[in-house]
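Asks: Listed below, chain by chain, are the residues.
There are 4 protein chains.
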Amino acid sequence: MKLNRLFFFILLTLIFEISSSQSRKIINIPNIPGYQTLKCDFHMHTIFSDGTVWPTVRVNEAWEEGLDAIAISDHIEYRPHSKNVTGNHNTSFEIAEPLSKEKNIILIRAAEITRDMPPGHLNALFIRNANLLDREDVNDAIKEAHDQGAFILWNHPGWKVQQPDSTVWWDEHTYLLKNRMLHGIEVYNSNEFYPEALDWALEKKLTMFANTDAHGPIKTGEGHRPMTIVFSKSRTAGGIREALFSKRTISYFGNTLVGESTLLDQIFFASLEYQNTPLKLENEVTKTISIKNNSDIDYELELVQPGVGFDAPTEIKLPSHRIVSFELTGNSDEVNLMKNLNIYYKVKNLVVGVDENLIVTFSIQNI
Amino acid sequence: MKLNRLFFFILLTLIFEISSSQSRKIINIPNIPGYQTLKCDFHMHTIFSDGTVWPTVRVNEAWEEGLDAIAISDHIEYRPHSKNVTGNHNTSFEIAEPLSKEKNIILIRAAEITRDMPPGHLNALFIRNANLLDREDVNDAIKEAHDQGAFILWNHPGWKVQQPDSTVWWDEHTYLLKNRMLHGIEVYNSNEFYPEALDWALEKKLTMFANTDAHGPIKTGEGHRPMTIVFSKSRTAGGIREALFSKRTISYFGNTLVGESTLLDQIFFASLEYQNTPLKLENEVTKTISIKNNSDIDYELELVQPGVGFDAPTEIKLPSHRIVSFELTGNSDEVNLMKNLNIYYKVKNLVVGVDENLIVTFSIQNI
Amino acid sequence: MKLNRLFFFILLTLIFEISSSQSRKIINIPNIPGYQTLKCDFHMHTIFSDGTVWPTVRVNEAWEEGLDAIAISDHIEYRPHSKNVTGNHNTSFEIAEPLSKEKNIILIRAAEITRDMPPGHLNALFIRNANLLDREDVNDAIKEAHDQGAFILWNHPGWKVQQPDSTVWWDEHTYLLKNRMLHGIEVYNSNEFYPEALDWALEKKLTMFANTDAHGPIKTGEGHRPMTIVFSKSRTAGGIREALFSKRTISYFGNTLVGESTLLDQIFFASLEYQNTPLKLENEVTKTISIKNNSDIDYELELVQPGVGFDAPTEIKLPSHRIVSFELTGNSDEVNLMKNLNIYYKVKNLVVGVDENLIVTFSIQNI
Amino acid sequence: MKLNRLFFFILLTLIFEISSSQSRKIINIPNIPGYQTLKCDFHMHTIFSDGTVWPTVRVNEAWEEGLDAIAISDHIEYRPHSKNVTGNHNTSFEIAEPLSKEKNIILIRAAEITRDMPPGHLNALFIRNANLLDREDVNDAIKEAHDQGAFILWNHPGWKVQQPDSTVWWDEHTYLLKNRMLHGIEVYNSNEFYPEALDWALEKKLTMFANTDAHGPIKTGEGHRPMTIVFSKSRTAGGIREALFSKRTISYFGNTLVGESTLLDQIFFASLEYQNTPLKLENEVTKTISIKNNSDIDYELELVQPGVGFDAPTEIKLPSHRIVSFELTGNSDEVNLMKNLNIYYKVKNLVVGVDENLIVTFSIQNI
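Here the protein sequences line up with chains A, B, C and D, keeping their order. Using the numbering used here, the final residue of the first sequence is 477, and nothing's skipped along the way. Using the numbering used here, the final residue of the second sequence is 477, and nothing's skipped along the way. Using the numbering used here, the final residue of the third sequence is 477, and nothing's skipped along the way. Using the numbering used here, the final residue of the fourth sequence is 477, and nothing's skipped along the way.
Isolated chain A (complex conformation) (with noise of 0.2 Å):
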């Protein structure tokens, strides 16, 4: 194509272009400290079971979304294009595997056990060889997991296929988890949350994770796709191994993240700059504080406690990549001498619990 002539073109076109070329984006979720921040998806199909793409389809979505590590879980017991795709549960992974390894992708060996409730489906990753997972005996199947050094989670365990009336926890489950064979559940799966089952994971001391359960291609536009954020001692499959297993997930959805508070408030203060040099507040004085909010997320605070002698903002939005400006304002003599200001917010957009938020406190130098 000639510039000179048909300089056009090349410009009317970006649109279409920059949506196809080959960019890596960036999600800014900061680590925290000890641990690095890394972005993974462990639940996803490809036609060599029901899915309709071809395996290294997830490895450049994910190097394109900017993710580290997923994990290709495709079903033992259902494959339904076998009348036109041959090969084993191996092959998803070894068609894969190169890709990721050029891509700096982290590629995980998964399987998902796919029975009848209960124990209905069961991912497991971390295996060495899907092919002996193929088991008539679903318990065969799960121990040849565990012997393998599986990882297993139960999906999507409020699918109303499965649990048409209420999301229940089986007796096989309990089996499971007594015997060491379940060790993470979905609390969010494709576009559904499921909040028994966050319960369950508090409540049971499972490792929490939020997965796509992608099927076709992945569509994110704008935004991101549901994930898992491991906080891990590497950006390896051992280091995201250790740190499943010691339970240092959030599940990330939306704007939505749910997990233990300390990670929590901990990506909450590191996704934040701001100043902290006294602020020298006094009675029927205002200071204006501002924030930096470095992360993709939007936080949505709101105050849950009156400042003892100042007033401050009863909510707070920091959106994502902005500075915000907020004051406070002394309205009492007790204030002179306070030395530090603390102020105490939930974020709502930050869950601990199913009827619960994170909340937060600001301590800010006074005098």
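Hints listed in this document are in silico derivations from the structure and should not be mistaken for laboratory results. A portion of the hints provided could be inaccurate.
It does not matter which identical chain is used: a pair holds within one copy or between any two.
The calculated lysine-lysine pairs, modelled on BS3-like cross-linking and capped at a C-alpha distance of 30 Å, are [said to hold, decoys possible]:
no., residue 1, residue 2
1, K149, K427
2, K135, K149
3, K343, K402
4, K343, K315
5, K427, K270
6, K211, K270
7, K456, K193
8, K427, K135
9, K135, K402
10, K456, K213
Knowing the structure of chain A, use the given hints to seat chains B, C and D on it.
Replies: The following block gives chains B, C and D in isolation, referenced to the frame of chain A:
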């Protein structure tokens, strides 16, 4: 999920859900007198050649993006996944067909005859049996397509892999053209425009195409894929076939449309809505004209000739789905007696030749 | 600027230019039988009270955003810029009026009577002379407005500055209501919704309003300002006045519409397009329904009652300017003989009372 | 508002609220060694000349858009609102100043000397008293500005109202230049680029500016206003003044930056992050390079000279805030012994002269 407890999850996840939901875009390009304006893509692949998606993905994409018709044109001669994918040259069509009927997407049986240059890659559309195109001699394959009633187009004629130094028309193409075995040409493929192909299309009376040649999932984001606009007597495969043989197409990519001036002129004026009551412009008087653009196309106009007796803007932008107002001002007494005011604009994004844009005439009643 | 040398500058600057260009958005909310659907904002300020823009800015904003009518309602009693800004209470109207005529924006003469609670702030619309409202006694001011034929509404009744603890209806409002000097109420102002105002509007038959109360420039980005939708017999000030006194309004903010069920029901169905040829649904058969949403509103539906003899989706989203397809499946022989299939959905973003959403009925011919 | 009853209103209105909220964008253009990169706009109006906003609006806009410094440059000679607006030539500065301090926006006292061509419109920045510039003779006004220590720039030199046929440099400008009373020139104003001004700036050593010349509210949407990037020793008015007199500016509009090659080269490389460990490229081997673009600028590169001993892509796009990977492939044994691989690209959106783009060199360690 209990709404009263966890209301916010639903809403906070909207970003992802909306993009993954099953809804169909509407491409707003108007019909023109006597014809339906169909949005088509005649070149794409699946895992049955070197693509990376299952055939049904192509139908779902077409439905979601608002297309009317597609042709899956898997390579006859190149099937790199054959170790794991079995089936013949008709399989991808047969897998996609039931869904295309359910979704009311016109699916055209096609194949890509994939040879070295010359003649390069040719798409045969409206064939009856792709398996019969699997012939050693390329001429036998083309003849077979022709005997099946195919419409044959030359794909990506300027593709650097086959035409590294310059985009050349070969004797073989002359032969095919003379023997009515070459009917169309891609002036745009994927993200490349070929000005030589535009010249040849005009000169040799070939039907113009813009196709995606998609191999992976199609990602259009807020934009649209490159497509071939077909002006058809009916929304049927037969209607499209007649329209292609009659050269009633426009190539649409980014914000650019390339095609014959009569078609572009009709599309342009069918996109716009404005009052044409007498303007009564007089010398030293200013009148306002408002134009509503009902199409998805942002028109960019440049005055090519000053008005006689009045001033008109040198540039006008008519953004998609907006109303634009601009002023005409009489600059001589001559205007007082003019029955019609003619204003001539070049439309910078409507292309009728390599160095040539459509010129449109607004003829506004004055008295 | 020479295009041939520096062509790319034009195009690369499009982002800024488009947003600053003189074009008018189109707000797609359909007319309903007998009425034009006018988009209005009846509460805003200029530098002639405590706003920060010249009156013409309000007209330009209204034109660009696609509104039909505005009222500039500068405070009678509060003019903080008076050291540098001179003029009387009619000046802002007089400055804006010529531009409003040129732009075909209906400009309603108005003023805000600005007092402590009770009665708080009241907008008087359709007055003839704002200067006469400058009276010491608030009742004299209100009576003067009333004598001029004004439509009077209570602004931001739940504004915390005036109603810090709870949103209270005062005796003064009862007095005004009884004496026909209070006709409407803001259920939404700027970015606050007042559920109490919605209760009162329904109970006391007050016209509902959503207004911006803009003081600075209005920034809508991709969205729209809060507005009062008026169903008027004509696109005139008189038509709007009659409609307001007849309570034919809907409050529109974000993606929510609040108003009487008959009006909302008409808007809902006028937004949608779907075939109503007999569906011929039978037991164990699945049929697809496609609905096109021509409006700017994203409708979110929730099934309130299972279909008799067939299954329907529990949730349907009808995104703006898209087509959605969903399935009905016969689940008993009963359906084979039903002449009409009725499906009842709650529309989550159409609000008819504080705890109440519009219920719509799709009645689909079956035989 | 009671959250538990009407939770969804808050969320559904986010679109409007976010755009109207008090948050500050972050413009990501990196600092360069020795200098802070300040984002400035030195040309805008208020109601105190022919603008339509109150002076504080200019400060709020600058804060919200992420600017560091602005100059309000109301016309000395043109005050069309004077019937209703009183005050002298310093009033707009004095009204805006307290807010600028509160918001930490550097506010530069300025005025626009507004005369026929020649010399046209001149902005005097860093003046002490604008009232003294109100002189009958333009040369007296300019001299007064100069005596106050002003930096003087020629505004919109190609404005068609004053330069209808061609953009001309007048004797008067030569006179001013020789007498050190002309220091800068707008190469971009509002939405117009002046190539002649770029030529003159290079030839006559004038500081380059891109300014908005805003009269109404500034609407940037997702983009940014045209601005002058200043490389300053400190974030102070004094720092900016020194930088302007030292010609350390870049004009930034749309996705284009215009300026001296040394400044643009530094900005380009400071925007990018990539590993520079030895690549160890050998003949017939392919290696991947990943580049992260931390800036808001989308860089578009075009290969200007083939690599010696290896192939590099002919075009590379480095979109803002993304990672791009591309490949180098050895094509001769020569590459095996090269210590550094040099690749030369033209950056299509970095402009150093009317027909000239910045050429950048990637020098990648090889052994």
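Asks: Hint by hint, say whether it matches the structure.
Replies: Quick rundown of the hints versus the structure:
1. K149 <-> K427: For K149 and K427, both the intra-copy (25 Å) and inter-copy (25 Å) Cα distances are at most 30 Å.
2. K135 <-> K149: both (12 Å within a copy, 26 Å between copies)
3. K343 <-> K402: both (27 Å within a copy, 24 Å between copies)
4. K343 <-> K315: This pair counts as within: shortest intra-copy Cα distance 21 Å, inter-copy 55 Å.
5. K427 <-> K270: Between. Shortest inter-copy distance 19 Å satisfies the 30 Å Cα cut-off; intra-copy 35 Å does not.
6. K211 <-> K270: Between copies, since 29 Å is at most 30 Å while 37 Å is not.
7. K456 <-> K193: The answer is neither: 54 Å in one copy and 44 Å across copies each exceed 30 Å.
8. K427 <-> K135: both (24 Å within a copy, 14 Å between copies)
9. K135 <-> K402: Close inside one copy (21 Å) and across copies (10 Å); limit 30 Å.
10. K456 <-> K213: between (39 Å within a copy, 27 Å between copies)
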